[in-house]
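Trainee: Listed here are the chains, written in short residue letters.
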Amino acid sequence: MITEHVMTDEHNHGTHDTPGSWNGAAEPFKASYGKLMMWYFLLSDAFTFAGFLISYGALRLSMPSWPLPDFVFSTLPGGITHAPLIFVTIMTFVLILSSVTMVRAVQEGHRGNQSGVVKWMFFTIVGGLIFLGCQAWEWTTLIKGESMTVWTNPFGRHIEDGVYLEGDGHDIKAGQAFTVGAPYLIHYHDGHYNQLKYKNSAGEVKEQAFGPKAFGALFFFITGFHGFHVFSGVVFLLIIMLNAMTGLYQNRGNHYEMVEKIGLYWHFVDLVWVFVFLVFYLL
Amino acid sequence: MLNYEESKKVVFKGLILLAVVTLIEVAIALIGNGHIIEGMHWPKWLMYPLMISLSLYKAYFIVYEFMHMRYEVRGLSLSVLMPTVLLVWGLIAFANEGMHWNTSRAQIKEKNAIGLKSDGQSSKSSSEIHSSEVPATEAPATH
Amino acid sequence: MAALTHLEEEKLIKEQGYNDHFYDHHHGDKHQMGFITKYIFCQDHKIIAKQFLITGIIWAIIGAAMSVIFRLQLGFPEADMAWLRPFLGKWIVVNDDGIGSLDPNFYYALVTMHGTIIVFFVLTAGLSGTFSNLLIPLQIGARDMASGFLNMLSYWFFFLSSVIMLASLVLSTGPFSGGWTAYPPLSALPQASQGSGTGMTLWLISLTFFVVSVLLGGVNYITTILNLRTKGMSMWRMPLTIWAFLITAIIGLLSFPVLVAGFLLLMFDRGMGTSFYLSEIFIGGQALDNVGGSPVLFQHLFWFLGHPEVYIIILPAMGLVSEILSVHSRKPIFGYKAMVFSMLAIAFLSFIVWAHHMFMAGVNPFISNFFVLFTLIIAVPSAVKVFNWIATLYGGNVRFNSASLFAIGFVSMFISGGLTGIFLGNSTIDIQQHDTYFVVAHFHIVMGIAAFFGMFAGIYNWFPKMYGRFMNETLGQIHFWGTLIGAYLIFGPMHYIGLAGVPRRYFRFDSFETFKQFDALNQFITVCAIIVFALQILFVVNFFYSIWKGKKVTSKNPWESNTLEWTTPIKPGHGNWEGNIPTVNRWPYDYGKDGVDFIPQIKPLAEGEQHSELHQ
Ligand code: HEM
Ligand SMILES: [Cu+2]
Chain A
2 MITEHVMTDE HNHGTHDTPG SWNGAAEPFK ASYGKLMMWY FLLSDAFTFA GFLISYGALR
62 LSMPSWPLPD FVFSTLPGGI THAPLIFVTI MTFVLILSSV TMVRAVQEGH RGNQSGVVKW
122 MFFTIVGGLI FLGCQAWEWT TLIKGESMTV WTNPFGRHIE DGVYLEGDGH DIKAGQAFTV
182 GAPYLIHYHD GHYNQLKYKN SAGEVKEQAF GPKAFGALFF FITGFHGFHV FSGVVFLLII
242 MLNAMTGLYQ NRGNHYEMVE KIGLYWHFVD LVWVFVFLVF YLL
Chain B
145 MLNYEESKKV VFKGLILLAV VTLIEVAIAL IGNGHIIEGM HWPKWLMYPL MISLSLYKAY
205 FIVYEFMHMR YEVRGLSLSV LMPTVLLVWG LIAFANEGMH WNTSRAQIKE KNAIGLKSDG
265 QSSKSSSEIH SSEVPATEAP ATH
Chain C
46 MAALTHLEEE KLIKEQGYND HFYDHHHGDK HQMGFITKYI FCQDHKIIAK QFLITGIIWA
106 IIGAAMSVIF RLQLGFPEAD MAWLRPFLGK WIVVNDDGIG SLDPNFYYAL VTMHGTIIVF
166 FVLTAGLSGT FSNLLIPLQI GARDMASGFL NMLSYWFFFL SSVIMLASLV LSTGPFSGGW
226 TAYPPLSALP QASQGSGTGM TLWLISLTFF VVSVLLGGVN YITTILNLRT KGMSMWRMPL
286 TIWAFLITAI IGLLSFPVLV AGFLLLMFDR GMGTSFYLSE IFIGGQALDN VGGSPVLFQH
346 LFWFLGHPEV YIIILPAMGL VSEILSVHSR KPIFGYKAMV FSMLAIAFLS FIVWAHHMFM
406 AGVNPFISNF FVLFTLIIAV PSAVKVFNWI ATLYGGNVRF NSASLFAIGF VSMFISGGLT
466 GIFLGNSTID IQQHDTYFVV AHFHIVMGIA AFFGMFAGIY NWFPKMYGRF MNETLGQIHF
526 WGTLIGAYLI FGPMHYIGLA GVPRRYFRFD SFETFKQFDA LNQFITVCAI IVFALQILFV
586 VNFFYSIWKG KKVTSKNPWE SNTLEWTTPI KPGHGNWEGN IPTVNRWPYD YGKDGVDFIP
646 QIKPLAEGEQ HSELHQ
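Top to bottom, those sequences are chains A, B and C. According to our numbering, the residues represented by the first sequence are 2 to 284, in order. According to our numbering, the residues represented by the second sequence are 145 to 287, in order. According to our numbering, the residues represented by the third sequence are 46 to 661, in order.
No wet-lab data here; the hints were simulated from the structure. It is possible that part of the hints are untrue.
Simulated DEER-style distance windows between Cβ atoms [stated by the list, open to error]:
#1 A:Thr-142 / C:Met-317: 14 to 24 Å
#2 C:Gly-316 / B:Leu-225: 44 to 54 Å
#3 A:Gly-248 / B:Ile-181: 52 to 62 Å
For each residue, glycine too, the CB sits at the ideal point set by N, CA and C.
Given these sequences and hints, build the entire structure.
Mentor: Rendered as structure tokens:
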């Protein structure tokens, strides 16, 4: 919109008037307003996610116990269990890969290489779709397979030592002992959750308690919100890729700035995942 | 600014780096929780700071290399990054509040238990329950 | 050296300004074709400013009228309100004797809507939206906002949000009634009260769209100020208005998203049955199975926005007032850089004090200590600003007109309300004062009235630029004195009854033995409120009358002001300047410099003259 101007006012001396990018009629950050807008939008979006993650932290700390991630997330497609964190690691790789292909698309854009841009954007879109597919599978497993919902969280952890009085037909056998902090999953059979009885060290007979509700709700909510960002990213990528194919950005002659902007968004989605991954799967 | 060939290399390096850091994080989680070596458990104060710093490093790398922040004017990166400092106090305050809800809930439970057991009469039983069950920080209730 | 004549000015812009080839592409015509593109889907910042302003005025009338109704209830709980039935229908319950009284549910709905409307729609959109849009391009020397399209969207999201809120007013169950802060459980459980159902749903949707509008506007204001300043307009030569809009936009960009986070969690609690904010609740004797959440979590998220929001409201008013005081006292603003730095300090601090609204909500007393400390520190930059305004006026050759009077009134209100803020910032005192009329008095004076005064000052001052006519000065002064005195008479006594312990958000007090003694005072407040409301109607009449019938502006620069908007034609078209964009050679506050009354920013330095901003 505005071309660069250098001050040429002979009257002006002193620090305030040395020609500089802050003296007007210039882009002080050497970035177009469109790119700045994208950055500041991402900044505000980061605060939205921060709001969620900080709330997550507060709710988690307000609970006497919290499910163990490497116990909760330990299934793989094909009926494999006891594979802690493997699936989510793969998901993370997919997202990193799609970020890398995005960087390549931007680089090709800087060179003005139309077919390169389209090619790498295509890979990025594929990456995004695979990630969404993985997430769909993960959700399905938790909801259908393990009966975790936003209302009920069958993943708990013991708050005292004890001995099971009955088995669940899966991993737990009657007579098996456990210690404080041991994770468990309350299985859902025939229309109800099967809370196992156990005897604690004081000799009282108790039932496995449900885990904190907030766990399931926060998990679905925050990963869902992230997934929504991935989804809209894919849609935007698709539109921009199609535009790039028509040669629209080639004609604008601004080095495919649009690709760069959507690239920023896409990396931001990856960035958010770093923290989602940290708080839900690692800590 | 890097030239085209150099930046292609950075991309490749970035891929390896992010992958490796992620693997280390997962490895810490698995080893520390006894999935690799039976019975080995690392304390949380060791695992958490490690995993958090590695994640922060990943975040730094994504922002600085992939999002090109390193090559932007300093003012731009400051204007985007400085505001996130505001979140630090938010994090501290919310975390503190979370822990406070935890302890106050426990306290209420404890008080209810006293009320049920002894109708609030016996101060002896209250202090017993207090010291044995609840990690509360404040003095037990006396009615 | 004298002020510029009209011709000199034109010559300067022609010779020194620069041609950005704006008119090579015929923007001018493209955007001003039919009525639809000119007034409805318009991307011109000046029209969008007017759209914000007039929508804001409509909302202000609605919001203020609501306050009159609930003030009637508070002052005259026994009075017959049957005459309101034609407007309020079933919300007026008429008993067997034919005496109508307000439905208590509706009282709460009115208070809630009054707060929401005034805080968000009037003092955020109507104030910051109007003047950021009007003044940013004009005062920094830009043809328009960076993205006219997003700017237009910003208004239309506000409009959409307005329509939805308006729809909630006519629901059979009434609008939301749990207070403008929308605390759960009243906001989280649709069955909690009448307004908690559809009313709350619409409230949430409306405010979510509102946030979209604020964010779209915000990124636009920020990038425009950064990238589109004209040649010579360095940051330290921007009028304080622009600094204020910039900082306001930044605060909004960082705080509103957190509110959205809180809203989305709330929507899940409402619609999906999650328990983020709910735990151990009984409704109608029935225990709900929501456990594990915390209503205080919402309060934290809300006030993480809520406190910055009060500065989103007041900072633009501060910017307008700074500019107006300087222009009309014919003196440079005192402590220009101190003004900027104190605004920055306020902006920073506003993000770390939020829990001072929650001292009584069960916040850990340990962490409250820090919130007290940070809160009290805000008094320092606030006091710097107050001092600078007074110093600007001191010894000035002040022109007392509607604009400058309202600006002075702003300072008065800000002082009065700021002082009570310091009371409340101390948690030990707040334990007594929380949720009493003392708080109501505090924030109405410091935020409500002060921000309205800033807005009025701005309207009186820039009306000539917006409509090419003046507003009626006599009516303006009546409006000012009446409102100033009336506002103090309304809110002064509220401090007193608040200190006496009268709680806010009560439907009536006359059944409490202890509060009966304040009946007369409450009646007095209500009478004053009605008079002040009438005066605002006078303002609205003046406003609309003057648009068509006001005294015409005959010169480009009626206030003899330095800033760039007064170098545009009396009625600037799309693109603001007809030829080149002017170049800026000095800061905007050269009033009375070297014996010259005012020196516009476009005028080059004289031989041997020093830059004034170097000495700041
Ligand atoms: C020295 C400066 C200030 C201090 C120390 C201060 C402190 C406080 C405190 C502690 C409260 C909570 C009272 C309670 O609910 O018990 C409060 C309420 C409030 N303040 Fe201030 N304040 C200051 C200035 C301002 C300004 C400049 C504004 C607006 C422009 C403002 C707007 C409000 C509002 C809107 C509320 C009440 C919100 C509600 O509960 O509905 N305050 N203030
Ligand atoms: Cu506050």
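Trainee: Now tell me, hint by hint, if it's right for this structure.
Mentor: Results for each hint:
1. A:Thr-142 / C:Met-317: 14 to 24 Å: The hinted range 14 to 24 Å holds for A:Thr-142 and C:Met-317, with Cβ atoms some 20 Å apart.
2. C:Gly-316 / B:Leu-225: 44 to 54 Å: violated, 36 Å
3. A:Gly-248 / B:Ile-181: 52 to 62 Å: Holds: the Cβ-Cβ distance is about 58 Å, inside 52 to 62 Å.
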